[in-house]
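Visitor: Chains A and B, in that order, give the protein sequences. Add 2 to the 1-based position in the first sequence for this note's numbering, that's all there is to it. Add 2 to the 1-based position in the second sequence for this note's numbering, that's all there is to it.
Mixed in with the good hints there might be a few duds.
Each pair may be met inside one copy or between any two copies, as identical chains are not told apart.
List time: in silico PhoX-like cross-link candidates among lysine-lysine, alpha-carbon distance up to 25 Å [to be verified]:
hint, residue 1, residue 2
1, K218, K265
2, K487, K14
3, K512, K255
4, K572, K363
5, K82, K530
6, K363, K7
7, K20, K265
8, K82, K395
9, K568, K512
10, K101, K447
11, K218, K82
12, K20, K255
13, K447, K399
14, K399, K20
15, K414, K218
16, K395, K255
17, K481, K447
18, K255, K520
19, K14, K371
20, K514, K102
FYI, nobody ran anything at the bench for these hints, they're computed from the structure.
2 protein chains.
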Amino acid sequence: MADAKTADLMEKIVSLSKRRGFVYQSSEIYGGINGFWDYGPLGAELKRNLRDAWWYAMMREREDVIGLDASIILHRAVWKASGHEDTFADPMSTCKHCKKLIRSDQWWTLMSEQPWVQSLAELVQPGSGAFNGTGLMKWAKGKGKQLAPNLALVRKPEVTLSWLAQDIEKGKRPQDAREFYLYLASEQLGTTGFVTPCPHCGGELTAPRPFNLMLKTHTGPIESEDNLAYLRPETAQAIFVQFKNVLDSSRVKVPFGIGQIGKAFRNEITPRNFTFRSREFEQMELEFFILPDEAVRLVHGSVASWHADADLSRPQPNWGWEMWHRYWVAQRTQFYNNIGLGTDVLDYYWQKPEELAHYAKATVDILFKFPFGTEELEGIAARGDFDLTQHQKRAGKPLEVFDEELRAAANKLSAEQKQAFIAEVQEDWNDRNKSRDDAAAFCEKLLRGVYVPHVIEPSAGLDRLTLAILCAAYTEEQKSDVNGKVEQRTVLRFHPRVAPIKVGVFPLLKNKPELVGKAREVFALLKKDCQCFYDESGAIGRRYARQDEAGTPFCVTIDFDTLGEKPELKDTVTIRHRDDGRQERLPISELRDWLLMRIR
Amino acid sequence: MADAKTADLMEKIVSLSKRRGFVYQSSEIYGGINGFWDYGPLGAELKRNLRDAWWYAMMREREDVIGLDASIILHRAVWKASGHEDTFADPMSTCKHCKKLIRSDQWWTLMSEQPWVQSLAELVQPGSGAFNGTGLMKWAKGKGKQLAPNLALVRKPEVTLSWLAQDIEKGKRPQDAREFYLYLASEQLGTTGFVTPCPHCGGELTAPRPFNLMLKTHTGPIESEDNLAYLRPETAQAIFVQFKNVLDSSRVKVPFGIGQIGKAFRNEITPRNFTFRSREFEQMELEFFILPDEAVRLVHGSVASWHADADLSRPQPNWGWEMWHRYWVAQRTQFYNNIGLGTDVLDYYWQKPEELAHYAKATVDILFKFPFGTEELEGIAARGDFDLTQHQKRAGKPLEVFDEELRAAANKLSAEQKQAFIAEVQEDWNDRNKSRDDAAAFCEKLLRGVYVPHVIEPSAGLDRLTLAILCAAYTEEQKSDVNGKVEQRTVLRFHPRVAPIKVGVFPLLKNKPELVGKAREVFALLKKDCQCFYDESGAIGRRYARQDEAGTPFCVTIDFDTLGEKPELKDTVTIRHRDDGRQERLPISELRDWLLMRIR
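Construct all of the structure, not just a fragment, from the sequences and the given hints.
Guide: Okay, structure coming up:
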């Protein structure tokens with residue numbers, strides 16, 4: 003929940019982002035456009051480094067993932083099949099008084115941000131004793147001018163309480179809010195005739211209605227139902243739709259993954275929290291295709307089951323969906339650790355069985371502790387064969403694979419063993435409320451080596467990650483200068499791997515051609531391999547401070563010793579470390595390798 | 003113009019693209035969506051390499067260009083100011099008979115692709131003597147079933163001829179077509195009551211109407227005029243709109259550039275030529291901001307003028323727009339040369355003064371010889387200060403810069419010298435039909451060191467470039483195998499810098515664990531630095547052929563000599579070159595550097 007201190011911190015980050023060229027509001031000179039952001043020179047490099055880090059982790063460091071780069075506009079039928087056209091909607095209310103639109107799941111957050119709710123909350127702190135019925139009425143009267151005349155705080159407590167209860171389960175709302183509302187509901191307000199108030203003006207909200215989040219457009223010259231198209235709300239669907247093409251054109255075999263990075267669009271009702279929830283954003287999604295557990299069992303006799311000490315370091319052939327899911331959670335955590343987001347800033351939320359989508363077997367959110375709250379950075383879902391099956395059905399094209407090893411394993415079974423296998427699968431499916439006939443049809447294919455792969459989906463938001471990296475890096479330091487004057491400095495402690503500028507190169511003085519010449523040489527040496535910044539203006543301390551604020555991990559200074567004033571130091575430079583101000587001396591000949599080792 | 007052979011070549015490239023995973027039709031399993039394409043695993047890597055090549059050429063190899071990564075959806079006011087909302091339109095006709103839509107400037111190309119027009123063209127080859135009035139009527143009658151009843155071939159010859167004449171000027175239409183139509187027009191047909199025929203059915207086309215090419219959407223929950231937005235039809239405008247933010251947040255000084263890579267959308271009436279003209283595409287645009295010539299003259303006394311032997315290798319302070327424009331043409335040509343597109347496949351088209359947009363001072367198109375014709379890869383325009391001035395005017399926000407050096411130079415002038423300067427500029431502007439008052443106002447600011455920068459815009463299409471790279475790389479070879487059987491092989495001769503896979507790593511035999519173990523070692527050694535492909539299945543010749551078709555420049559084979567069968571060859575491998583089949587032997591310890599030198 004946003005309080006004064008965290009709001010202040012976010013403001014500082016937003017302001018630094020603009021001042022140093024990380025993030026600007028889109029179309030700012032025209033007053034901006036709500037929910038859209040532009041990345042400036044440093045932001046573009048930072049985002050690029052994060053994009054590359056993901057791509058390399060998937061495509062270079064592994065052998066079992068390949069890439070895709072699909073269009074943003076797909077055939078409308080894709081979104082019918084995926085369910086997005088019918089169900090990708092948020093419940094939303096309109097305020098009858100101020101006409102603002104409120105997303106139902108953001109109602110409390112918006113409420114809690116209003117100063118009048120905050121001061122009301124103080125009144126009803128449990129045990130404060132400051133509150134009673136008369137007190138509330140008196141308070142409400144005093145605040146009358148700020149509120150719409152029909153304010154009734156919480157007039158449908160049963161609705162409010164069910165929302166609150168859900169969110170408290172998820173750890174998303176503070177305990178005191180719940181107590182406050184419980185108190186209000188039970189002590190002060192009736193249960194009939196009341197409505198949920200607008201967080202902005204206190205006016206009456208309409209009942210929530212579903213609002214589809216896909217942005218629409220029309221391709222082709224005539225605007226008609228026939229050429230209605232959507233901007234993709236996620237990159238994932240194109241991977242499913244192109245599954246067969248990728249399979250046929252690459253030499254891959256399940257288990258394998260298809261990864262994609264690209265823009266997606268959601269018509270958010272209330273874009274908020276800087277770049278965190280915007281209408282245009284970039285995703286990094288992997289669909290990792292695996293065998294159904296039943297197939298693993300056929301080939302390997304059993305399926306490895308997960309336990310707390312399970313070794314997740316290397317995939318094993320007898321892994322089923324659960325091990326693969328846990329494996330990807332570990333892999334993605336490792337990825338975040340590698341770019342500087344450690345356990346201190348990450349958290350996890352495992353969806354409860356009742357929260358899961360009907361097709362999902364498990365979903366875990368990797369969360370980051372943003373100043374405005376602990377929020378999702380990436381979701382890792384075990385989606386079964388839902389997506390491929392849906393598209394197979396709707397498109398009428400098989401999206402199955404044939405596995406020789408599976409068929410060979412099946413062929414070794416006797417007729418009785420096959421029957422026993424089918425019966426076992428039927429029993430299992432029946433326990434999960436799935437039809438015995440479907441189970442039999444599935445087994446019949448499986449025994450011929452044919453199946454629709456299941457999928458584990460690690461889906462990360464690049465803009466969220468960029469914001470997380472900025473928030474985690476942001477630090478303020480009190481520092482005395484040579485005269486003892488205390489100065490506040492901002493330092494962005496980016497991991498060198500993701501820092502937009504890797505190294506600053508400075509001649510000690512700009513009016514000494516030998517220093518400048520040597521500094522230009524060092525700059526030229528480093529520039530081709532990484533983003534460098536050459537700076538010769540101002541005192542060296544000022545130049546360090548500028549790079550600290552840009553998050554540059556290293557600065558190299560060329561001084562008179564470099565030129566041989568102390569002969570034993572000839573052709574060495576000073577490297578200054580951003581985070582502790584430590585300086586060390588290194589021969590220019592070793593500089594490039596020294597640097598590359600730290601930034602790659 | 004597409005003839006059978008080039009159509010055949012394009013078909014082969016399209017088919018290879020799908021088979022090997024370069025490019026698939028978007029949403030193919032749902033019948034596809036016209037004008038949208040997906041890049042498969044090899045295509046995604048190829049495109050990525052090209053994107054990186056551009057970014058590195060701009061951001062790493064230079065010091066005067068910085069990046070931006072702006073949103074696809076901008077404020078609608080941006081497109082009003084830029085003129086796109088009012089004028090970014092293609093003239094288009096509808097066929098009254100078959101209802102198809104025809105872009106006026108594609109009319110001839112579409113016509114010429116029809117077999118009946120081709121056979122008609124043969125009839126009227128100048129000097130063939132086969133054609134006369136009766137002949138035409140007889141021919142038309144014979145073709146009657148293929149044509150709509152109201153076919154009149156060219157019934158508005160004055161329109162047709164003006165189109166033709168323009169395009170022939172641009173070198174875009176073959177001479178014989180012009181002669182053919184001249185012949186038809188003068189000898190056979192009247193000039194009244196006739197209409198332009200539909201290229202598809204010969205039916206009557208409506209008069210051309212402007213058709214705006216921007217894709218529309220609405221942001222926010224209610225679809226209204228207020229929240230109408232466009233998907234950007236080019237990335238450039240965001241650069242102008244954010245010019246001030248970038249200037250204020252980066253330590254840059256004119257001349258400098260802002261570069262951006264990203265998706266753009268145009269609602270093409272007739273997407274065609276594979277990925278060449280699609281509705282969703284990716285641009286790589288640079289806006290390079292320079293001083294107005296008048297400012298250069300103030301500071302340096304004169305402006306360097308371009309001549310054929312001018313040294314364009316390093317920018318000079320006395321360059322005006324013309325030298326900068328020529329410089330960027332040279333730079334961009336160098337870029338294409340560096341990734342394998344040489345003078346044999348490139349061409350240039352300099353727009354004639356009468357073809358230029360009213361604000362443009364010069365535009366040159368860098369063309370590539372595609373199988374379907376010589377077409378634009380990149381446009382390099384000198385756009386003056388049109389864009390910044392437009393946005394400054396519409397947004398009411400100054401987009402000027404202040405130049406200390408310029409002010410200092412102006413301050414050295416006497417009052418008389420200043421007057422003389424102003425008079426000179428007024429004279430010059432007057433010659434170019436620009437107001438003397440505007441010239442005076444411009445000078446007044448200039449003399450205070452303030453001006454709106456001018457811009458040179460190299461604007462390249464990434465999808466076009468990817469297609470060009472594919473077309474240039476495509477080769478077919480006849481090759482005899484060991485038994486003398488001649489086989490047709492496809493080789494993609496990508497430059498190693500852009501090849502999606504850099505090296506294939508093979509153990510000679512897959513059933514020798516020592517070979518496989520060593521090959522895996524070599525693979526692990528190379529994999530982190532570049533995209534590698536490990537392959538152990540099939541005869542070594544077959545594995546080479548697979549990599550040739552994927553465009554992999556090098557293959558490394560681990561054989562018994564690697565293991566020390568010949569002790570002097572221990573720990574060496576065979577490197578096989580794609581283009582000439584040459585093999586050489588190299589120690590594993592040198593392999594990484596050998597490779598990196600060639601692919602970077």
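Visitor: Take the hints in turn and mark each one as holding or not.
Guide: Taking the hints in turn, this is what the structure says about them:
In this assembly of identical chains, the alpha carbons of K218 and K265 lie at most 25 Å apart whether taken from the same copy (15 Å) or from different copies (17 Å). With identical chains, the CA atoms of K487 and K14 are at most 25 Å apart within one copy only, with a shortest distance of 23 Å there and 72 Å across copies. Within a single copy, K512 and K255 get their C-alpha atoms only as close as 60 Å, which misses the 25 Å cut-off; across copies the closest is 18 Å, which meets it. Taking CA atoms no more than 25 Å apart as the test, K572 paired with K363 passes in neither setting, with 64 Å inside one copy and 52 Å between copies.
Neither within a single protomer nor between protomers do K82 and K530 lie at most 25 Å apart by alpha-carbon distance, with minima of 48 Å and 40 Å respectively. For the homomeric pair K363 and K7, neither the shortest alpha-carbon distance inside one copy (39 Å) nor that between copies (54 Å) is at most 25 Å. Proximity of K20 to K265 under the C-alpha cut-off of 25 Å is found in both arrangements, the shortest distances being 22 Å within a copy and 24 Å between copies. For the homomeric pair K82 and K395, the shortest alpha-carbon distance inside one copy (12 Å) is at most 25 Å, but the shortest distance between copies (45 Å) is not.
Taking identical chains as interchangeable, the C-alpha atoms of K568 and K512 lie at most 25 Å apart only when both belong to the same chain, with a minimum of 20 Å there against 59 Å between chains. In the homo-oligomer, the alpha carbons of K101 and K447 never lie at most 25 Å apart, since the shortest distance is 56 Å inside one protomer and 47 Å across protomers. Proximity of K218 and K82 under a CA criterion of 25 Å is satisfied in both settings, with 14 Å inside one chain copy and 21 Å between copies. Taking the shortest Cα distances, K20 and K255 sit within 25 Å of each other only across copies (18 Å), while inside one copy they are farther apart (46 Å).
Only within a single protomer do K447 and K399 lie at most 25 Å apart by alpha-carbon distance; the minimum there is 16 Å, versus 67 Å between protomers. In this homomeric assembly, K399 and K20 come within 25 Å of each other (Cα to Cα) only across copies, at 17 Å, whereas the closest approach inside a single copy is 49 Å. Taking the shortest Cα distances, K414 and K218 never come within 25 Å of each other, neither inside one copy (53 Å) nor across copies (59 Å). Only within a single protomer do K395 and K255 lie at most 25 Å apart by alpha-carbon distance; the minimum there is 23 Å, versus 59 Å between protomers.
In the homo-oligomer, the alpha carbons of K481 and K447 never lie at most 25 Å apart, since the shortest distance is 70 Å inside one protomer and 42 Å across protomers. Within a single copy, K255 and K520 get their C-alpha atoms only as close as 54 Å, which misses the 25 Å cut-off; across copies the closest is 23 Å, which meets it. Proximity of K14 to K371 under the C-alpha cut-off of 25 Å is restricted to the intra-copy arrangement: shortest distance 17 Å within a copy versus 53 Å between copies. For the identical chains of this complex, K514 and K102 are neighbours neither inside a copy (63 Å) nor across copies (71 Å), given an alpha-carbon limit of 25 Å.
In terms of the numbered hints stated before, the structure departs from hints 4, 5, 6, 10, 15, 17 and 20, listed from lowest to highest.
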